[in-house]
Amino acid sequence: MVKLVDVYKAYKIGKRYLVVLKGVNLEVEGGESVAILGKSGSGKTTLLNIIAGLDRPSYGHVYVDGVDLVYLSENELAKFRRSTISFIFQSYNLISELTALENVLLAQKARFGKTDRVKAMQILKLVGLEEHANHRPHELSGGQQQRVAIAMALAKSPKLIIADEPTGALDSKTRERVLDLLLEAKQKLGTTLLVVTHDEDVARRMERIIRIKDGEIVEVGTRRPHPAVPDQLVLLSARG
Numbered sequence: 077m078v079k080l081v082d083v084y085k086a087y088k089i090g091k092r093y094l095v096v097l098k099g100v101n102l103e104v105e106g107g108e109s110v111a112i113l114g115k116s117g118s119g120k121t122t123l124l125n126i127i128a129g130l131d132r133p134s135y136g137h138v139y140v141d142g143v144d145l146v147y148l149s150e151n152e153l154a155k156f157r158r159s160t161i162s163f164i165f166q167s168y169n170l171i172s173e174l175t176a177l178e179n180v181l182l183a184q185k186a187r188f189g190k191t192d193r194v195k196a197m198q199i200l201k202l203v204g205l206e207e208h209a210n211h212r213p214h215e216l217s218g219g220q221q222q223r224v225a226i227a228m229a230l231a232k233s234p235k236l237i238i239a240d241e242p243t244g245a246l247d248s249k250t251r252e253r254v255l256d257l258l259l260e261a262k263q264k265l266g267t268t269l270l271v272v273t274h275d276e277d278v279a280r281r282m283e284r285i286i287r288i289k290d291g292e293i294v295e296v297g298t299r300r301p302h303p304a305v306p307d308q309l310v311l312l313s314a315r316g
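First residue of the sequence shown: 77, per the numbering used here; consecutive thereafter.
Don't take each hint at face value.
To be verified - Straight-line Cα separation of at most 20 Å, EDC-like style, residue types lysine to aspartate or glutamate; simulated pairs: (1) K98 - D144; (2) K264 - E252; (3) K98 - D290; (4) K88 - D131; (5) K264 - E206; (6) K232 - D290; (7) K264 - E105; (8) K79 - E103; (9) K249 - D275; (10) K115 - D277; (11) K155 - D144; (12) K289 - D144; (13) K249 - E292; (14) K115 - E105; (15) K235 - E108; (16) K195 - E178; (17) K235 - E152; (18) K249 - E260; (19) K115 - E260; (20) K289 - E276; (21) K115 - E241; (22) K98 - D82; (23) K98 - D131.
It should be emphasised that the hints constitute simulated quantities derived from the structure, not laboratory data. Everything numeric in this text was worked out from a predicted model, so none of it was measured.
Using the sequences provided together with the hints, build the complete structure.
Listed below in C-alpha cells is the structure:
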C-alpha cells in the first residue's frame, strides 16, 4: 500500500541545506495499522507530508497504492489525494458553522461530488454520534469532535487513513475510546491506517511500530495482532 525507497528531503535555508529525511526506506501493507513514532524534530511530520503527497521528496520514490507520487503533476496529486487518502488531525479541522452531519456531508461532497444523507447518518451511527448529528462543534466535547473528524475521514471511503497525533489533545480515557474507534473502523473497512505520534502508548495500539530519529528509520517492528477492541462501535460512550 505504501512504499518509500531511499527518500531524502532537504530544505534550503539561506546558503545551506537542512536535511530532514536521510535515505528512508519503509513499507506498509494494505489493511495494516502502523505507528510512525518519534520525538519532536525527528522528521515524522515531514515523512507524513511526503507519504500524503503534501510535500515532495528531494530524492527517492514514494509509492501509494502502486502509484509513484513523484511523477504526478500537482493537479494529478490533488486528485489522487481526494480519491485515496483521508486525514485526521489533532485539531479536528471541523467547520464551526456546520453541524456534525453537515461536516460529514461536506466530506462526501469533496470526495464524490455529491452527498448521501442516509450513508452519512450511518457513519455517524457507526462512531456513536447519531444523536448528536445536529450539534455544532462547540456543542461537542473534544472526543466527540475527534469522532466527527473520523466520520468525515470514513465518509470518503479511503484506502489510506493518515492520522497526525489524533489523540494529542485528549485525556487518557477518551484517547483509548478514539483509538478503539479507529482500529475497529480499520478492521471493518479494510483500510490501511498510518498514525504519526510521539506517544508510546498510542504507538503500542498499532500492529507495527516504525521509529524515526534525526530523519532516519532506526527501528521497524514486526507485525503483531491488534489488542482486543469493542465489537460494536456504538458501545462507545456518547460523552467521550
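Broken hints, numbered, in rising order?
Numbers 6, 12, 13, 14, 19 - these are the hints that the structure violates, sorted from lowest upward.
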